[in-house]
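Heads up: the sequence lines are chains A and B, in that order.
Going by my numbering, the first residue of the first sequence is number 6, and it counts up by one from there.
Going by my numbering, the first residue of the second sequence is number -12, and it counts up by one from there.
I should point out that these hints are in silico values taken from the structure, not numbers from a laboratory.
One should not assume that every hint holds.
Which bits of chain B does chain A cover? Going by a derived footprint, with three or more residues having C-beta under 8 Å, they are [as the list claims (entries may be wrong)]:
1) 46 to 52
2) 56 to 70
3) 101 to 115
4) 176 to 183
Listed next, with one range per pair, are the computed distances between beta-carbon atoms [to be verified]:
5) A:422 to B:164: 44 to 54 Å
6) B:23 to A:422: 49 to 59 Å
7) A:240 to B:1: 57 to 67 Å
8) A:85 to B:23: 50 to 60 Å
9) B:-4 to A:285: 46 to 56 Å
10) B:163 to A:274: 43 to 53 Å
11) A:346 to B:219: 24 to 34 Å
12) B:214 to A:414: 13 to 23 Å
13) B:156 to A:415: 32 to 42 Å
14) B:214 to A:357: 25 to 35 Å
15) A:274 to B:138: 35 to 45 Å
Please read all numbers here as calculations on a predicted model, not as lab measurements.
Every residue gets a Cβ at the ideal spot worked out from N, C-alpha and C, and that includes glycine.
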Amino acid sequence: MLTAANTAARSIGLHAGMAATQAQALVPDLTMMDAEPEEDRQALERLAIWSLRRYAPIIALDPPDGLMLDITGAAHAHGGALGVLRDILKRLAEVETAGRAVCAPAYGAAHALARYGADPVRVVDPLELVGAIGALPLAALRLDRATVLSLSKLGLETIADLEAMPRASLALRFGSMPGQRLDQAYGRASEPFEPIAAPERIEVERRFVEPIGAPETLARYTRKLVDQLCQQLEEAGVGARRLDLRFHRVDNVIEAIRAGLARPSRDAKQMGRLLCDRIETVDPGFGIERMLLAAPAVEPLSFRTISNLGDVPVPDVAALVDILGNRVGEERLYRYAARESDIPERSVTRIAPMADPTLLRWPERWPRPARLFARPAPIDTMALLPDHPPVHFVWRGIRRRVKQADGPERIYGEWHVSEAEWLSVRDYFLIEDETGARYWVFRQGDGMDSATGGQGWFLHGLFG
Amino acid sequence: MTERGARPHVAALRAKIAEIEGVDRRARSVLPFGIEAMDSKLPGGGLALGALHEVAGGSQGATDGAAAALFAAGIVGRISGSILWCMTQADLFAPAIAQAGLDPDRVIYVEARDETAVLSCFEEGLRHGGLGGVVAEVARLPMTASRRLQLAAESTGTIGIAVRRWRRPAEASDLGQPTAAATRWRVTAVPSEPLPVPGVGRHRWFVELIRCRAGESADFLVEACDATGRLALPADLADRSAASQAWAKRAAS
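Given the sequences, and given the hints that come with them, work out the whole structure.
The following block contains the structure:
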């Protein structure tokens, strides 16, 4: 029996569930490997724990080949739901694994679309949910094979067909399962999950006799949990880099908040503020009966020596970085640092806002424009070759006469980066037009030899 | 404006207004430009630290905001502490900011998704109190938002600079709208001093103080920020006053 088939195999008609002998008869030189369900499961678990650290606080296994991620409240760190999905697939592709990722309002729908939908990456919003899953085959509903077969004998092919049937007669004949799966796919019924927990992580929890729901109460208990967590962190000698706060509601729905910290920390006040900032995003429903605070990512944190010699201590901005990072996304907060490259766009790199001070600096003597275009804009010029600046040029439909110019500053391609840059050259000029506006233009090539570049002119930046 | 001592009534009135506004609870410190002609036009002899200031670019600079960004970098570069720089378009070229006197290790950039997020990061930065200054590149600065920013800046003594930068040149007329900022500047690049040899001399700006709370507007022709963030008066200013009038007309058109 085949348990899985790769893309090449599927394209010649093999599929999971086929008898092995039949497959061998179809393809004489077929490569077959023994299935290892136990190892597959362990690998899936490892993947789940990795995703737990990276993407979302609530993750459940969906064997044999799926993971359920509840990214509510955690997607902003990767630039929204689509950003999370793309990042997952990109990282899977880096380890040569193909995957499909779908984000939908209900787990049933996401499950169906990931396996039977047309797009490998898709974010379905609540409004398009009905249209998106209606056309999928019944097999997408997680029903057993026999039920799907007998339903198709009745002429029901798609989820929309089944949805149109009267529920009572359906339940009489096939039991409650089809109706329940339909409700789960359309998001009308909730589905309980068993979230996995990373083995060694530090967490504290609190159960409530009476469900709580008021934001102030939630904030109060959040602070209490943070205090407990900080004690545990201190005992372990570590600081948290990431916090997950989970709210288990009485109706078995889990709400979550995730917050990141720029530096390992066990500052209860700062952590409390980060979490309480976001409490309004939590929907308590009929009440919350259990709160769980975990630190899925920790780093060693030792004591710092504070000295009052020398000048005044530099105020710590790590707390501000955390607040802003949780608001706009961590990757949108950065510092610029110099890199050893003469190519302007490669001479700047982004580093984490709280990274250690850098030593490398850009050369000070060469004037650089305040604004650099991501893509140099082609311009029409009139210039004497080989090494004179343009006499005039046209940019954005306006002709600008050059009054003064400095250059050329020749920048060679980096042969160690790319073979194609072996000979390439850019000649940069700083030019000033009649109004005083200053531009940074370059000619691709040295003005003589076409091997060094196409000799076209580009505007690369604007000086202030 | 003439010197304060000559008009005691005005000085008394000024003190009374400051008392009503409640700003003298903290000692108001200022950051001088180090140019007598500019500092004498500003109340207190320099840019107020716990306040919001607006800087816009003139003519083409309204859309690229290059000169305005360097002007802002030169100001915050002379204040110690970390600087927060909020923006929506990440086209700032860090080496130029370093050349204007702002060390790259001191600046934390926030690339927000939209203007609203920029304003909220701006305010958060001003309220934090541990920063040397906050710079934000915004197109629209409504009265309410600027009032909030001004109050946040006053409460912590952090300087806030709004670099006004519009998508289209036509939108630059927005600069005429009132805001709660303490000063409003327009910086326009003008031709540099001609050198005896081919080449471009030190960059020059025509800096207009369009609006100044408790002060009068003025304009100056200065040389752009050097590597320590300082502006300078051109050596030949006296001979070029007629020419500077011509730039004024062009920048205003």
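The hints, checked one at a time:
1. 46 to 52: Holds: 5 residues of the stretch 46 to 52 of chain B have a Cβ under 8 Å from chain A.
2. 56 to 70: holds (count 5)
3. 101 to 115: The restraint on the stretch 101 to 115 of chain B holds, since 6 of its residues have a Cβ under 8 Å from chain A and three suffice.
4. 176 to 183: With 6 residues close enough to chain A, the hint holds.
5. A:422 to B:164: 44 to 54 Å: holds (48 Å)
6. B:23 to A:422: 49 to 59 Å: About 50 Å separates the Cβ atoms of residue 23 of chain B and residue 422 of chain A, which means 49 to 59 Å holds.
7. A:240 to B:1: 57 to 67 Å: Holds, since residue 240 of chain A and residue 1 of chain B (Cβ atoms, about 59 Å apart) stay within the stated range.
8. A:85 to B:23: 50 to 60 Å: This hint holds: roughly 52 Å between Cβ atoms.
9. B:-4 to A:285: 46 to 56 Å: holds (52 Å)
10. B:163 to A:274: 43 to 53 Å: holds (44 Å)
11. A:346 to B:219: 24 to 34 Å: For residue 219 of chain B against residue 346 of chain A, whose Cβ atoms are near 32 Å apart, the range 24 to 34 Å holds.
12. B:214 to A:414: 13 to 23 Å: At roughly 18 Å between Cβ atoms, residue 414 of chain A and residue 214 of chain B fall inside 13 to 23 Å, so the hint holds.
13. B:156 to A:415: 32 to 42 Å: holds (34 Å)
14. B:214 to A:357: 25 to 35 Å: With a Cβ separation near 26 Å, residue 214 of chain B and residue 357 of chain A satisfy 25 to 35 Å, so the hint holds.
15. A:274 to B:138: 35 to 45 Å: violated (24 Å)
Going through the hint list in order, the structure does not satisfy hint 15, though it satisfies all others.
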